[in-house]
Amino acid sequence: MKSVNTSIRQSFGATLFKLAKTNKNIYVVDADLKSSLYLSEFAKVFPKRFIEVGVAENNAASVAAGLAKTGKTVFLTSFSCFSPAINWAVIRQSICYNNSNVKIIGSHSGLMSGSLGATHQMLEDIALMQVLPNMEVFSPADAIETAKIVSAVSRSPKPSYIRLVRPDTPAFFPPKLSFTIGKSQILTKGNITLLFHGPIGHLAFNLSNTKENSLEIINCSSIKPLDSKTILKSIKKTGKLIVLEDHQKIGGLGQAVSSLLLENKLAPRFIHLAVDNQFGRSSKDYSKLYDHYGIGIKALKLAVKKLN
Amino acid sequence: MALSTSDLKKLSWQLRADLLDMVYQNDGHLGGPLSSLDILNTIYFSDIFKFSKKSPKPTDDNFILSAGHLATALYVVLAHKLYFDKKKLATFSHFKSILEGHVSTTVPGVSYSSGSLGQGLSFAAGLALGNLLDKKNKFTLCLTSDGEHQEGQTWEAAMFASKYKLKNLINIVDHNKYQIDGSLEDIMPLDDLAQKYISFGWTVKEVDGHDYKKLLKIFQISKLSNYPTCIIAHTTFAKGVSFAHFDYKYHDLKNLDPTLYQLAKNEISKHLN
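Going down the list, the sequences are from chains A and B.
Take the first sequence: its position 215, counted from the start at 1, is 215 in the numbering used here, and no numbers get skipped.
For the numbering used here, add 1000 to where a residue sits in the second sequence, where the first one is 1.
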């Protein structure tokens, strides 16, 4: 199945711009990455609602929280290797402990950052964010779902983190499907449960659903709150589980699901495809990185074979 | 009715007495809270800024305590403001008390929970910017400690406030020259703090942080600035308890010797009559 590549970042910028036209409470606090996050038009049309903080992510996080205190919905925009990586303790206190209406947008997550190398391939963001009380964590599958998630969080007063990626990625989220905070979507029915978050899911989605590759693909874009009901129901049925994510194994979706399984006395055959305790490295083509770190199409096919 | 200078002075000793009791009974910070008390007293009990009696109102000016360990001082002030029952001071840091060990929004009148240093000025700047954009005629006051100026984020905030011309932002630095492990001079000197803020584009005023007449005047002037204002209040560490003056070990108390407590209490009581 061939799909069109679209930009998650562009979708974010365009969606926020559209929302800001009617929702005058939407503000952006940006740490010098406006063009990369497609916010130039927002800044031009709504200059008073676009606050440029410069390369100062700690200050940005507290400023965003203070601004939110005056009744605004604030989007804090940067790359995830800077925000929430540099400013984690500030997010913990200023945003989470103070329960501020701030939406943290972290682009350039995962090995997908490709040529930029290890410093910019943020593989620990989900771990950092899901551990914080009050924080909600989302990882959209593609540009279509990004628009839905950004709209949904703009209507919620809670702090949240949305994980974005650098390259254009295949559009595979069914446009008619809706996104609800705390719900995952079953994209295909099958004999092996496959959980994923983010654009890496297209690898599974593109595997033709044959007798050998019978996957029950579940999009876990709402990592926290996690849709434990849907996930457990599927695993109870299949008894086989693959978790696929462009993130560290430690602290990612796979670990969150593992504890869920143990708490519910489930022990499916389980393969977790994630980056295992390593830093990334440069490659113009991220699929080479996916293969190298064991989260690419080859590893996925092998995992399916093992579980069959 | 605003309190006169002599009334404020008188009240400050009652506040000190209550603070000492609270910290003696429950342990907690002492040196910084005592040095910053006259500043807080001026903010809340003069009529320069708007802080409603009995319960805080949305139209009040904003106060942000960046140095969350000064909570004991703020709690005593807010109790005297009648924002909550003064009896609750005895429950400081107890399980299920509203009075958390570091400043918390669980206390009526507190709008920012803090404890990790260096973040409050940024939060205050965001708040001030929001009010400015909404054309709200409100001041945002922030109380920082001198020690927390070693945190880089404070200077990120200083840059930011200057860029956005936050004339409604007033940062008061409780410059008592001590921090948890010693003097600032030994740990990490701030050198010329005033010059630093001036070079960041702020209006800077220096004042004796225990002189009510001067504090009142400085606060009045700071409302007229076209730039963010930094008031460097030179204070005495543990002001009012002579044996603890200039002794960093009294940054916080744990099991204070009863005879020392009595000594401190007697010294404060002298001012109450």
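No wet-lab data here; the hints were simulated from the structure.
Do not rely on the hints blindly, as some may be mistaken.
Ranges of calculated distance between the beta carbons of each label pair, as one might list FRET restraints [to be verified]:
#1 A:177 x B:1191: 56 to 62 Å
#2 B:1137 x A:250: 48 to 54 Å
#3 A:48 x B:1087: 44 to 50 Å
#4 B:1181 x A:118: 56 to 62 Å
Virtual Cβ for every residue (Gly too), placed ideally from N, Cα, C.
### Task
Output the numbers, in ascending order, of every earlier hint that fails for this structure.
4
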